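A.B. asks: Whole structure, please, built from the sequences with the hints as guidance.
Number of protein chains: 2
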Amino acid sequence: MENILFLLGIDEDQQLDFQQRFPQAHFTFTDKTSVTKEQLAEATIIIGNPPVGLLSDQLTNLKWLQLNSAGYDEYLQPGVLPPQTILSNARGTYGLTVSEHALSLCLMLMRKLHLYLRDQLSHDWAREGRVKSVFGSRVGVVGLGDIGRNVATRFYSLGATVIGYDIDSEIQLEAVAEVRPMATIGETVADLDVLILCAPATAETHHLVDTSLLNQAKADLILINVGRGDLVDTPALIAHMEKNSDFMAALDVIDPEPLPKDSPYWDVHNLVLTPHVAGGFHLDKTKELFLEIAAGNLKAFFTEPAALQNVIRRDS
Amino acid sequence: MENILFLLGIDEDQQLDFQQRFPQAHFTFTDKTSVTKEQLAEATIIIGNPPVGLLSDQLTNLKWLQLNSAGYDEYLQPGVLPPQTILSNARGTYGLTVSEHALSLCLMLMRKLHLYLRDQLSHDWAREGRVKSVFGSRVGVVGLGDIGRNVATRFYSLGATVIGYDIDSEIQLEAVAEVRPMATIGETVADLDVLILCAPATAETHHLVDTSLLNQAKADLILINVGRGDLVDTPALIAHMEKNSDFMAALDVIDPEPLPKDSPYWDVHNLVLTPHVAGGFHLDKTKELFLEIAAGNLKAFFTEPAALQNVIRRDS
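Protein sequence lines, in the order shown, are assigned to chains R and C. Heads up: the first sequence begins at -14 in the working numbering, then just goes up one per residue. Heads up: the second sequence begins at -14 in the working numbering, then just goes up one per residue.
Everything labelled a hint here was simulated from the structure, so no lab data went into it. Hints are supplied without guarantee of correctness; some may be wrong.
If several chains are the same, the list does not tell them apart, and a pair holds so long as it fits within one copy or across any two.
[As the list claims (entries may be wrong)] Okay, derived cross-link-like pairs now, DMTMM-like style, lysine to aspartate or glutamate, Cα gap no bigger than 20 angstroms in a straight line:
hint, residue 1, residue 2
1, 17, 300
2, 228, 218
3, 22, 42
4, 284, 176
Note that the structure is predicted; figures quoted are calculated from it, not measured.
C.D. replies: Here it is in structure tokens:
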């Protein structure tokens, strides 16, 4: 019998649903702050993200780890998982919530709602002048994974022309007019009105947005980062924004995180910050999406293991 | 020869374009604060909104008035225009800008950006909890004119189910799952997550949102008003919001306008205010859309007067 250890909080109805769908397994429901070494040692399947510090390659019972995150880098470190453990991630879970967050940040800047809210706080009925529209804009989307594709689809459906950047420039998507190689972004950024970062932190994306790229971009570019803080050279961005008063940016992720209370970045003109909340389980639907993926993979595990989705290669 | 008086500021290239397209006419370009009684008396065609106080039914030269607004009520008052003058409005101009404003306000509330901006102002890296999504929401759109249709299309394309309310409940639109008679809104509002007001101020829409309707709605309804302030009984709304902390609203129009500096409405929890900027010419594309309508109607005037668009009935 499989011992399935659930490490994310789900309500009793959801627990019962899993127990009824998979009567051949024994379920333990806890969370990652309460989980014990003993529970991890007994588990044959883990659903959720266990603390890396509690894992080891001595967990000989562990057949499969289904993460609730899209990111998985830390679980590939040597000694974290036994060699036989299958690792899968939560690709498909976060595209909806992250893309709606990116869209809301972009529209907020385009309609100057960050300025109107300040006016409201000071009781000022004041017009803030020109606005922009998603309709008719040229929008660059960096990273065409699940999140980037969701972002592309939403902007396309609102009448934007979407240009994708990806390491795989052969990708073809209805919502994306053109896919450019990631490495060409510096040379080609000049024709974009909006640039949305949706890529993971890798060697190729480290400080993708730097002084050189910013100097090639339109002076009134709108930059949105819902990927990783490491994609942006933050001091370079701030210096650029101080010289270009029409440049706008909204960062849900920033280097460093959390941003210290005395950071001058909080007060930069036309810079909007949110505290890494685009993803996570802030949207109920996101947890539903993850549970669908987990249930689908559990079904595959018991009936057709070759059909497991989102399996991460561990052989590199 | 027609004397065409332009009452909205357009740049020299745009002026030249009109002069070249309609060489049979004489153009005067001014604006509504500078326009003189003499210019109005000489005009056979006016493009733009002249001050009602300068008009009279003695302007015997005036054949046609092409407004740059969607609203036209004040020009129907007795004595404002001579009986022979054709009146047309700017329907088709404002759907884009108003619908993107409505969407940006809705997303701002759903993602709690109005709270995150306050946190940013106080340098707080703080999570504000649950968010909502347009995807999967049931969105009521009140008024299915040009603006309401644009709103419906955008929310539908993002995965919402759109319910329309209109005096004409026979309207059929791909983006609208169901059209309900305007008068039934009180009985049917309970199944909506979002309610967006896009209707003009008429006898049917006066205080459409009142205590009775609010008491039928979900406690966490999101209300957006980009129509007219008169559609909402403002004191009733404020009283309701003070009792229901999960209710959110964003009002671009409000009764009264401008909102006085000492109004308590500025500080209501989960109420976002913008100063009647959804429409107007804040978006460059809006003026382009109006000039296309004006040019199309000028062409019709000179070649096929029966094809004039957006003509308002004056016989009532």
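A.B. asks: Where does the structure disagree with the numbered hints, that is, which hint numbers, in rising order?
C.D. replies: 1, 4
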